[in-house]
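Engineer: Sequence:
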Amino acid sequence: MSSITSASNKLRVTGMATGIDTDAAIKQMMTAYYARVDKVKQQQQILQWKQEAYRDYIGQINSLKSKYFDVLSKDYILSSNNFSAFQVTPSDVSNTSVSAKAATGAIEGNYKIEVTSESIATKASLTAAKNINVKEATTGLSFPIVIKNVDATNYNDILSVTDKSGVSHNVTITSGTYANLNDLATQINKDMSSIDISGEKKLSDDVKAVVKDGSIKLLKKITIDDTNKNLTIDVNGTTQNITIDNGSYTLEELSSKITSKLTGGYKAQSADGQNITFTDKDNVSVVGTAKFSDNSVIKFDTKVTLGSTGASAEQFSNPTISDSDTLSFDKRIITGVNDTLSFTIFSGGTSSTTISLDGLTAGVYDTDTLISEINNKLQAKSGTEPLLSTISVSKSADGKLLFNSTTSSQITVTGNAAKTLGISSGFKLDQSNSDKMINLIMDSGVDFGSNDYINNNGIDISKVTFTINDKEYLYDFTSATDVTKDGKTYIGAKNKSISDILSDISKGSNVDISYSQLDRKFYMTSKDTGSSQKITITDDNKFIENLFGNATAVDGKDVVVKITQPNGSSNTIIQSSNNFAVDGISYTLNSKPTGEVTFGVKGDNDGTLNKIKEFINSYNELIGKISSVVEEKKQYTYLPLTDDQKEDMGDEQIEKWEVKAKQGILSGDSTLENMLRQMRRAFTDNVEGAGTTFFEIGLNTSSDVSQRGKIIIDEEKLTEALKNDPNKVMSLFIQKSTSESYYSRSMTSDKRKVRYNEEGIFNRLSDIFEDNISTYRDNNGKKGTLLEIAGIKGDFTEFKNTLTNQIEDRKTRIDGMLERIYDKEEAYYKKFAQLETAMNNMNSQSSWLASQLGLS
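According to our numbering, the stretch in the sequence shown is residues 3 to 858, in order.
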């Protein structure tokens, strides 16, 4: 009898000699082992079902939390607006200059309010008298290099290079315009790769062009192959043997390869391209040599020699060969290459104005002379194009170009000179708060190279001192770290952004200061309104003047209002704030109204009642669902189906079975039980200082035990409480703790107790939800309790939680058990194979004996 098995993923033909069904026999022998695997699989399935159930209730809790406890939700339950006993209706709903809210103390009827002062209450203010818009170039100056061969005496495309054997080769560099030295070095290497020096060897195998210190340096290369790839490194008294990949390297590149192989933190380097030196892990130089297997030191005794490239045409870059191994080029403005510059100015309307400077003069430039050239061109053309007089360029502390504008207009820079200036064509002068503040006080008067830090406005930017409302500020814009001078500590502000400095100023001087990209101006206002608000400035170094120009601070003003109440009483009062309350009416002045504003106040308990009812209905629904699962009886006779059991059942039968098997999956769950207990107590425990209780306002818990603490509302009693004393009802529900205003899941039990006792019911519930489903980590690195247990999709806990760990543990156990089963099966198959062999031998012997006896 033959059979096939897949237990070990092998095709087997068995039982040919013995007639034994080997697969059936082994399967019967392994039944107990597979039963153990099924048991662990069932445990794994139960854990997966439990995780799914947890995540379902996490989602339901989160939905209630998002609806009622998210400040951006329209149903936000913690707002005092929900507990007003009055409805306020303006006579003109389109008039938004004044809004009002009514609370305890208000009387029903019509109110009138009129602003009799020139304006509503204002803040003290300082508005810049000038526009300021400074933008730093993205990179430093980058001059293009033009390679040309005009005629026999006017060229710069021939470079004479000696190989390692000392033979000189003329390299013709491909003509073209190269953006920078790196691009040119790449082309030189490509051109050297086409020059034969011996056999199949190219010049590029011996020499490589690299950019170092603003010049192109030609470095010798060494070829590593199977004959010399094993190196001995003697460094700091130790010897290390390493192997380098085959290839052609400069000594700098080879040093990098050696470093990647060294242990002990040692590093190899080649500063001159001729020798290899070493440093330790602290970058301190140490004695060391790199040798080939024949004990010869890896080094070059001579430099690569470069020959003259001949004459140079004035209209393109002039090469200079120095120190016999470097090639540098003039930094030039070249006609037709990088000499055009245009400014597009948009001042509103439907069109913009593009003004092109007359071509930048061809010639050799450094940063300062190029700045002078651009400013001269701007000034020369400003007579016919006045808008250009608002634009200038200077140098930043990092040596880049600064584009300056004193207009609010949008300005864009284009032209073929853009890349040379360190910008892209279409660069916008668009100062933002993330730009460095130092750029705003840098100009042609400041020279970091000569340590001359006095700008054209007389500001010594290394000692900026000013006070605002008696708060002193000290900055050193030449240093990135704090500096002590003349007994005072100056904050190192070289790298501080505009936002950083404005934030510093706003912290301690009772002012808010900002920069507007819209009109390119700075603004400073007091934090509060009213006539007591002032801005006093002492500007020792004209720093504030540099930002604001010749501006004068304006003091704040009070608002004068006339209020008429429903009983006819009327009075005119002065207020320093635009938000104030009189006799239970809270007024908010958004702008000065034209004439009197009238609004009506009437009692409104239904709105508050409905909002409380809506929340409690949602709450009851949630705890009802959670209570039902923790009380549900476990169906112990319904275990998860095994694969073999599923094969004998239809889909409908499987579905019905699994419904039963999932029953009671969270029965008696201690975490959910504890959360339910806390939620019920949140309602019934007294709220300190509220002046009323849960029971006194018409609320109670259900007497039906099966309803597990659902809230029952006596609407008549609650309505009466809202009518008679809405503030007490509001305190009971949304009072905030004054002792522990900030909630943290890491707070001590004593602080937690104080906060709990002082909090209203709804705030208590919010804290309970935070404890259980918060996605933020506490000081112990933990998230909400339920998330730590089961996780939730879209969060880190989706894959890192207790149940997932347990599921993975079961999976590992199953894999290990199956591996051992397969090994055991394999052993059994080998034994049965031996039996087959023995039976075949016996059958052969029997046949031979029978033939000898003449019985066959």
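Calculated from the structure, these hints are not laboratory results.
Please note: incorrect hints may appear among the correct ones.
[Unchecked claim] Ranges between beta-carbon positions, derived for each pair:
#1 G551 with E387: 22 to 28 Å
#2 A482 with D228: 47 to 53 Å
#3 G586 with D542: 20 to 26 Å
#4 T686 with E634: 34 to 40 Å
[Said to hold, decoys possible] Derived DSS-like pairs: lysine-lysine, alpha-carbon spacing no greater than 25 Å straight-line:
#5 K421 with K41
#6 K103 with K738
#7 K203 with K132
#8 K613 with K755
#9 K594 with K536
#10 K214 with K301
#11 K755 with K802
#12 K613 with K536
#13 K150 with K594
#14 K259 with K203
#15 K67 with K613
#16 K738 with K69
#17 K301 with K231
#18 K802 with K784
#19 K402 with K214
#20 K559 with K613
#21 K564 with K613
#22 K613 with K41
From the three backbone atoms N, C-alpha and C, an ideal C-beta is built for every residue, glycine too.
Engineer: Does each hint hold? Answer for all of them.
Structural biologist: Hint by hint, here is what the structure shows:
The supplied range of 22 to 28 Å is met by G551 and E387, whose beta-carbon atoms lie about 24 Å from each other. The given range of 47 to 53 Å is respected by A482 and D228, whose C-beta atoms sit roughly 51 Å from each other. Taking 20 to 26 Å as the suggested C-beta distance range, the pair G586 and D542 does not conform, at roughly 51 Å. About 25 Å separates the C-beta atoms of T686 and E634, a value inconsistent with the hinted range of 34 to 40 Å.
Annotation: proposed proximity of K421 to K41 is violated, straight-line Cα distance about 71 Å (limit 25 Å). Using a Cα cut-off of 25 Å, the hinted pair K103 and K738 holds, with the two alpha carbons roughly 20 Å apart. With a CA separation close to 67 Å, the supplied pair K203 and K132 exceeds the 25 Å bound. A threshold of 25 Å between alpha carbons decides the hint, and for K613 with K755 the separation of about 28 Å lies outside it, so the pair is violated.
Taking the CA atoms of K594 and K536, the gap is about 22 Å. The hint holds against a cut of 25 Å. Between the alpha carbons of K214 and K301 the distance comes to roughly 19 Å, so the proposed pair stays at or under 25 Å and holds. Taking the CA atoms of K755 and K802, the gap is about 31 Å. The hint is violated against a cut of 25 Å. A C-alpha spacing of about 44 Å is found between K613 and K536, which places the hinted pair above 25 Å, so the restraint is violated.
The suggested pairing of K150 with K594 is violated, with an alpha-carbon distance near 72 Å, which exceeds 25 Å. This hinted pair checks out: K259 and K203 have alpha carbons roughly 23 Å apart, not beyond 25 Å. For a cut-off of 25 Å, the pair hint linking K67 to K613 stands: about 15 Å separates their Cα positions. For the proposed pair K738 and K69, the alpha carbon gap of about 20 Å is at most 25 Å, so the pair holds.
For the suggested pair K301 and K231, the alpha carbons sit about 15 Å apart, so the restraint of at most 25 Å is met. Restraint check for K802 and K784: satisfied, since their Cα atoms lie roughly 11 Å apart, inside the 25 Å limit. Among the hinted pairs, K402 with K214 is consistent with the structure: their alpha-carbon atoms are about 20 Å apart, no more than 25 Å. At most 25 Å may separate the alpha-carbon atoms for a hinted pair to count; K559 and K613 exceed this at roughly 40 Å.
Taking the CA atoms of K564 and K613, the gap is near 35 Å; set against the 25 Å cutoff, the hint is violated. Of the supplied pair hints, the one linking K613 and K41 is violated, its CA atoms being roughly 51 Å apart against a limit of 25 Å.
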